[in-house]
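**Student:** These are the residues of each chain, in order.
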Amino acid sequence: MAETVASCHETPGPPASPHARTVALVGSPNSGKSTLFNALTGAGRAVGNYPGTSVEVGTGRWTDPAFGELSLTDLPGAYSLDPMSPDEALTADLLHGGGHVDVVVVVCDAAHLGRSLVLAAHVRALPVPVVVAVTMTDVAARRGVEVDDSVLAERLGVDVVRLDPRRRDVHELARAVSRALAKPAAHPLVLGSGGSSGCMPDCPANCTSCPATEMTDLAATLAADDDLAQAEAVFTWVTETTQLATTRTLADHRTWTDRIDRWVTAPVLGPLIFLGVMWAVFALTTTVAAPLQDVLDSFFSGPVTTAAITLFDTVGLGGSLAEGFVVNGLIAGVGMLLTFIPLMAIMFVLLAFLEDSGYMARAAVVTDRLMGRLGLPGRAFLPLVVGFGCNVPAISAVRVLPDARHRLLTALLVPFTSCSARLTVYVMVAATFFPAHAGTVVFAMYLASILLVVLGGLLLRSTLIRTMGSDPLVLDLPPYQRPSVRMLGAATWMRLRGFLQTASGIIVATVAVVWVLGIMPAPGTAYTVGEVPIADSLYAWIADQASVLFIPTGFAEWHAIGALIVGFVAKEAVISSWAQTYPAGADLQSSVYADFVVSSGGHPQAAATAFMVFLLAYTPCVATLAAQKRQIGARWTATGVVMQLTMAWLLAVAVFQIGSAIT
Amino acid sequence: MTLDAAPTGPPMIVLSARADSVSMTRRLAEMGIRPGVSVRILSRTSGGGAILAIADDRIAVARSILAGIHVAENVPAHG
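These protein sequence lines are chains A and B, in that order. Anchor point for the first sequence: position 327 equals 327 in this note's numbering, and the numbering is continuous, going up by one each time. Anchor point for the second sequence: position 27 equals 27 in this note's numbering, and the numbering is continuous, going up by one each time.
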């Protein structure tokens, strides 16, 4: 397992000023922690993986007149400091590391106070200043539950601030944090040896009833062992505190969320509703995004390219290498990057909607058993389904998984889902080599894609990610709510910005490199740079050299290998660049057929099938790699590439060898 | 009886809650599933699990978890 918990204490994203003090935000999942984080940091925030991990941590600047500027860190949601996932482990590790956090704000959900207090008790047992922020008081009030802040403050021995982050009413919290920063001595170590040293400053000497005294026992309990019997003291304290701090005016009743859940998670209807939702996500990320992508694509290949050429002509550099680089390298690369924007924006809006509304948790329940066979939780279904549209947003969608190990495994499996760009190649190849059964062949490629996901999952779980647990489902179901447009917009923009930051360099650079290879003459030819026909270019030479490796696959000839090299950059470009490698006017299908007959030694169908299998299994595109690098880091992304190329080659060889033997 | 065999609807008292691992047992306790609390099965879910109600908390659990939670009927005390 690579996603070990970081021991370093840097944080990603835009830090506050170098000497800004750090406040960590902790809370259980669904406690309103991230909503509060967004409200506190506004636009000045970023989300990225914690250094050395694939655990996502948000960082940002929090400015308020009470303290000026702070660096705020949104730690992964945790139910306690006894971690069960890499994400929880990071939170526990950073808090136990202590020194780099000046104040910890524990977010407690008033509607689920008992659960929140377990974490609050654990954090309160650490030697750090703590402020407790009580959220969801409106939700609790609707259920007839009132939380008494003063009782909570007394029991916890720290400032307790009630707030509704959706209304941006956070100044009281800022003042409490400011107090905690200004007089750290006011938050004495409640883990001390007992007696008055563990009491609050205003507590009479030698008191025995101070909450701090009780907390001392609690801390001792926590520190002593993680044995269940000892942890029981925490639960007893939590139960008592919850009873003392809450007043219930309405009996526990069936809510409208319960009524919806009765249908949405039901044995037969639940999966059907889930499939409907997945279909909608798939349809929106493909059919709605496609025309927008086309518009952007034609904008870059049309007016922008024309304007650039005109500009070069005006300054007397028409037809120059500089023009070629700008038009075919830079503009093509940036254009390709930007065509992903509508796709990614739609994906991010849908993700935020599904998460914020509460449906994502239900999807996890419905698909848990099915995905459990792959060693993945139910909600991993979403990125895998989206992958059949486009792998790039699918990789980003792995963030719906709360466990870093599951995110890693899913992000490594997504490239095996056959995206729509691969479909264009299947259609051409199937129509060329299997004209009577082209539809069946294309359908078989989709079945092969599902098989590859299953096979890849089993392979990874038995090799690289062996330590991954398969805990049975225990999942908190938040009430359904209407997502706010502001929240959706903010979440979408933040993720989109992050994607562009990571992907832009990789995509533009790779497109430019392929262009450069195409204008460079191959070794031993007499052409000059920029004047070389494609068949004598460095690109063709590299493809020809690489084709040696593909002899056992039956398609070892440079046109096809060159198309695969371009396919590494983007599958959308495979057909057009493949066609460009043949003389103008030549029919692509008959040219490819003729070449495959030769390269396969008379078994073109077997070679074509092997080619499609290779195309399915190897690296989808550089944009997917960029998205992977963002989600799981460079090392796992590189591991994934090696795995894809190895599997693709082995499968292609197997398909051709078996196919040519029986045909 | 264990929760996988318990009826949907009526409140029951948790007698014990144990999972296959210590960490999962502790997680159940952290989620509020611990001895002495009142629990109701709200509905059965696809895959054989159930949605449990513990006060205002709603927790979806797998069938294997249900089998480790021993409960007794929550008979109201009569004075």
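Worth flagging that the hints you see were computed from the coordinates, not collected in a lab. Quick caveat, the model's predicted, so the values are computed rather than measured. In this text, a Cβ means the ideal position worked out from N, Cα and C, and glycines have one as well. There's no promise every hint is true.
Unchecked claim - Coverage of chain B stretches by chain A, computed from C-beta distances (three or more under 8 angstroms per stretch; other residues unrestricted):
1. 16-25
2. 44-52
3. 55-62
**Student:** Please count how many residues of the segment 16-25 of chain B have a CB within 8 angstroms of a CB from chain A and say whether that reaches 3.
**Tutor:** holds (count 7)
**Student:** Can you confirm whether chain A covers the segment 44-52 of chain B, using C-beta to C-beta distances below 8 angstroms and requiring at least three such residues?
**Tutor:** Result for this restraint: holds, n = 7.
**Student:** Taking a Cβ-to-Cβ distance below 8 angstroms as contact, does the segment 55-62 of chain B have at least three residues touching chain A?
**Tutor:** holds (count 8)
Figure legend: structure checked against the earlier numbered hints; every hint is met.
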